Amino acid sequence: MDTKSLSFFAVFFILFLVIFAEVPEIEAQLCVREYVGEIPLSNCSVLEIQLCHTKCRENNGAKAGICYVAGEGEDEQRTESFKCLCNFCSEYFCQI
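According to mature numbering (1 follows the signal peptide of the UniProt record, and there is no 0), the sequence shown holds residues -28 to -1, 1 to 68 in order.
I should point out that these hints are in silico values taken from the structure, not numbers from a laboratory. Here the structure is a predicted model, which is why all the values come from computation and not from measurement. Where is the CB? At the ideal position from N, CA and C, for every residue including glycine. Any given hint could be a false lead.
Per label pair, the in silico range of CB-to-CB distance [unchecked claim]: (1) G9 to V41: 16 to 24 Å; (2) S17 to S62: 20 to 28 Å; (3) Q22 to C61: 16 to 24 Å; (4) S53 to C3: 17 to 25 Å; (5) A(-19) to N32: 33 to 41 Å; (6) L(-14) to T26: 51 to 59 Å; (7) N15 to F60: 20 to 28 Å; (8) V(-18) to E44: 45 to 53 Å; (9) C61 to E10: 42 to 50 Å; (10) F(-20) to G33: 21 to 29 Å; (11) Q22 to G43: 16 to 24 Å.
Full structure from sequences and hints, please.
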C-alpha cells in the first residue's frame, strides 16, 4: 500500500514538473550571414576567396568565409553580384 501511494506521488510530482516547469527558449542563430564591411569583390578569384575568409575570421569572429555569386535575370540581361558569406558554425565551407 505504501509503495502505491509513493509511486502515485512520484508520478504526480513528475507530471507537475513537466507541465508547469518553465523551459527556457533557445533562439536559433543563423550559421551563415553576409559579411558586413568593405570588401571590393569584382569576381570570386582565389585571392578574393582568401580575403573573404580572412575578413570573416578577423573582423566578424566567424569560423570561415566564402565568396558567393548571386545572379539575377535571364541570359543577356543577367547581372551578377559577388557577396562574402561568413560561417559561424563550421570551419568547413562547402561550395555554394
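Do the Cβ positions of L(-14) and T26 conform to the proposed distance bound of 51 to 59 Å?
holds, 54 Å
Outcome for the supplied range 21 to 29 Å, where the beta carbon pair is F(-20) and G33:
Because 50 Å falls outside the window, the suggested range is violated.
Tell me if the beta carbons of N15 and F60 are separated by a distance inside 20 to 28 Å.
At 25 Å between Cβs, range holds.
Regarding Q22 and G43, is the given constraint of 16 to 24 Å on their beta-carbon distance met?
About 22 Å separates the Cβ atoms of Q22 and G43, which means 16 to 24 Å holds.
Cβ separation of C61 and E10, checked against the hinted range 42 to 50 Å
violated, 24 Å
Taking the beta carbons of A(-19) and N32, is their distance inside 33 to 41 Å?
violated, 50 Å
Taking 17 to 25 Å as the stated bounds, is the beta-carbon spacing between S53 and C3 within them?
Hint holds: Cβ distance 21 Å, inside 17 to 25 Å.
Quick one: are V(-18) and E44 within 45 to 53 Å, going by C-beta?
violated, 60 Å
For the hint 16 to 24 Å, verify it against the beta carbon of Q22 and that of C61.
Check passed, 20 Å falls within 16 to 24 Å.
At the C-beta level, are G9 and V41 separated by a distance inside 16 to 24 Å?
Taking Cβ atoms as reference, G9 and V41 lie about 19 Å apart, which means the hint holds.
S17 versus S62 beta-carbon gap, inside 20 to 28 Å or not
holds, 23 Å
Going down the numbered hints, you'll see the structure goes against 5, 8, 9 and 10, while the others check out.
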